[in-house]
Amino acid sequence: MNIEQLSKRLETVVSYIPTGSKIADIGSDHAYLPCFAVRKGIADSAIAGEVVQGPFLSAEKQVKDASLEDKIEVRLGNGLEVISPGEVDCIIIAGMGGALIASILEDGKEKLEGVERLILQPNVSAKSIRIWLIQNNWELTNEEIIEEDGKVYEILTADRGEPLRPYHEEGHQKGLLLGPFLMQQKNEAFQKKWMQERAQWKKILSNMEKAEQTGVLNERKVELMNKIQMVEEVLSN
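Taken in order, the sequence shown gives residues 14 to 250; the numbers are from my numbering.
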């Protein structure tokens with residue numbers, strides 16, 4: 014991958030950056046995304062945040078090689094501690110677990126002053142992000158699900174607004190799990206993801222029933238059965 018041609022996943026993420034934004038890419042790795050966004054004139058400036066020394070040095074080299082040091086600053090630090098309040102208006106966090114993304118946002122809440130858009134791409138557990146957005150008055154404004162190299166990725170976009178608005182049409186819990194926008198689209202990647210999840214849950218349920226486990230695991234059984242039912246309802250509609 015290079016800054017002239019991103020992966021399909023990162024190109025999709027970039028497509029949600031408002032033109033002229035000042036962006037922060039948290040967990041930027043090699044800084045491909047900010048270099049691409051600035052080079053293409055989508056972002057005016059960027060901060061590339063990286064917590065690990067190796068990728069931080071790679072990002073610095075990438076920015077230097079692209080001659081973008083005047084537009085992109087690479088900073089070493091954990092999560093949102095690499096930015097100051099009011100410094101950026103769009104934050105991107107891509108390629109991590111949903112629970113980790115939610116915790117980064119929670120830990121850095123005071124840094125979100127002036128931020129108008131969040132673009133979040135969890136590898137797993139997008140539900141954790143949807144819950145955090147609702148609890149913190151961010152409105153989910155778009156979702157996209159794509160497949161690349163056999164892996165399925167969800168991209169969530171949130172703006173400041175009415176956090177419950179996307180969930181009015183469908184059952185709240187269903188929307189949190191499956192994504193209110195993705196449930197409407199039900200594209201091929203969506204169907205593949207949830208058929209695989211359903212098969213996995215059914216396998217776990219079967220194993221639990223064979224072992225006839227009791228006590229606290231009964232709650233887990235009920236949770237799995239509810240999730241299977243929600244997925245089946247959406248896929249069959």
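Don't take every hint at face value.
Here are the computed lysine-lysine pairs in the DSS-like style, where the Cα-Cα straight-line distance is at most 25 Å [said to hold, decoys possible]:
| no. | residue 1 | residue 2 |
| --- | --- | --- |
| 1 | LYS215 | LYS164 |
| 2 | LYS215 | LYS234 |
| 3 | LYS215 | LYS240 |
| 4 | LYS199 | LYS223 |
| 5 | LYS187 | LYS216 |
| 6 | LYS74 | LYS122 |
| 7 | LYS35 | LYS84 |
| 8 | LYS164 | LYS140 |
| 9 | LYS140 | LYS74 |
| 10 | LYS21 | LYS164 |
| 11 | LYS223 | LYS187 |
| 12 | LYS234 | LYS205 |
| 13 | LYS53 | LYS84 |
| 14 | LYS77 | LYS140 |
Quick list of simulated restraints, FRET-style, between CB atoms [said to hold, decoys possible]:
| no. | residue 1 | residue 2 | range |
| --- | --- | --- | --- |
| 15 | GLU232 | THR32 | 31 to 37 Å |
| 16 | LYS199 | ARG88 | 35 to 41 Å |
| 17 | GLU210 | GLN18 | 17 to 23 Å |
| 18 | GLU123 | LYS77 | 28 to 34 Å |
| 19 | GLU232 | GLU210 | 17 to 23 Å |
| 20 | GLN186 | LYS77 | 26 to 32 Å |
| 21 | ASN150 | GLY33 | 21 to 27 Å |
| 22 | GLY67 | GLN18 | 21 to 27 Å |
| 23 | LYS215 | GLY90 | 26 to 32 Å |
Hints are computed from structural coordinates only; laboratory data are not their basis.
Just so you know, even glycine gets a beta-carbon here, dropped at the ideal spot from N, CA and C.
*Within a Cα-Cα threshold of 25 Å, do LYS74 and LYS122 meet the stated pairing?*
30 Å, violated
*Starting from the hint 17 to 23 Å, judge whether the C-beta atoms of GLU210 and GLN18 obey it.*
31 Å, violated
*Is the distance from the Cβ of LYS199 to the Cβ of ARG88 consistent with 35 to 41 Å?*
For LYS199 and ARG88 the Cβ distance comes to about 40 Å; the hint holds.
*Has the given pair, LYS199 with LYS223, been kept, meaning a C-alpha gap of at most 25 Å?*
Violated, at about 33 Å.
*CB of GLN186 to CB of LYS77, is that within 26 to 32 Å?*
Since GLN186 and LYS77 have Cβ atoms about 48 Å apart, the given range 26 to 32 Å is violated.
*Is LYS215 close enough to LYS164, meaning Cα to Cα at most 25 Å?*
21 Å, holds
*Is the distance from the Cβ of GLU232 to the Cβ of THR32 consistent with 31 to 37 Å?*
48 Å, violated
*For the range 26 to 32 Å, tell me whether the beta carbons of LYS215 and GLY90 fit it or not.*
43 Å, violated
*Do the Cβ positions of ASN150 and GLY33 conform to the proposed distance bound of 21 to 27 Å?*
24 Å, holds
*Do the alpha carbons of LYS215 and LYS234 lie within 25 Å of each other, as the hint requires?*
10 Å, holds
*Distance restraint between LYS35 and LYS84, which requires alpha-carbon spacing of 25 Å or less*: 10 Å, holds
*Taken at face value, is the distance from the CA of LYS205 to the CA of LYS234 at most 25 Å?*
Given pair LYS234, LYS205 holds - Cα atoms ~23 Å apart, limit 25 Å.
The structure shown violates the earlier hints numbered 4, 6, 9, 11, 14, 15, 17, 20, 23.
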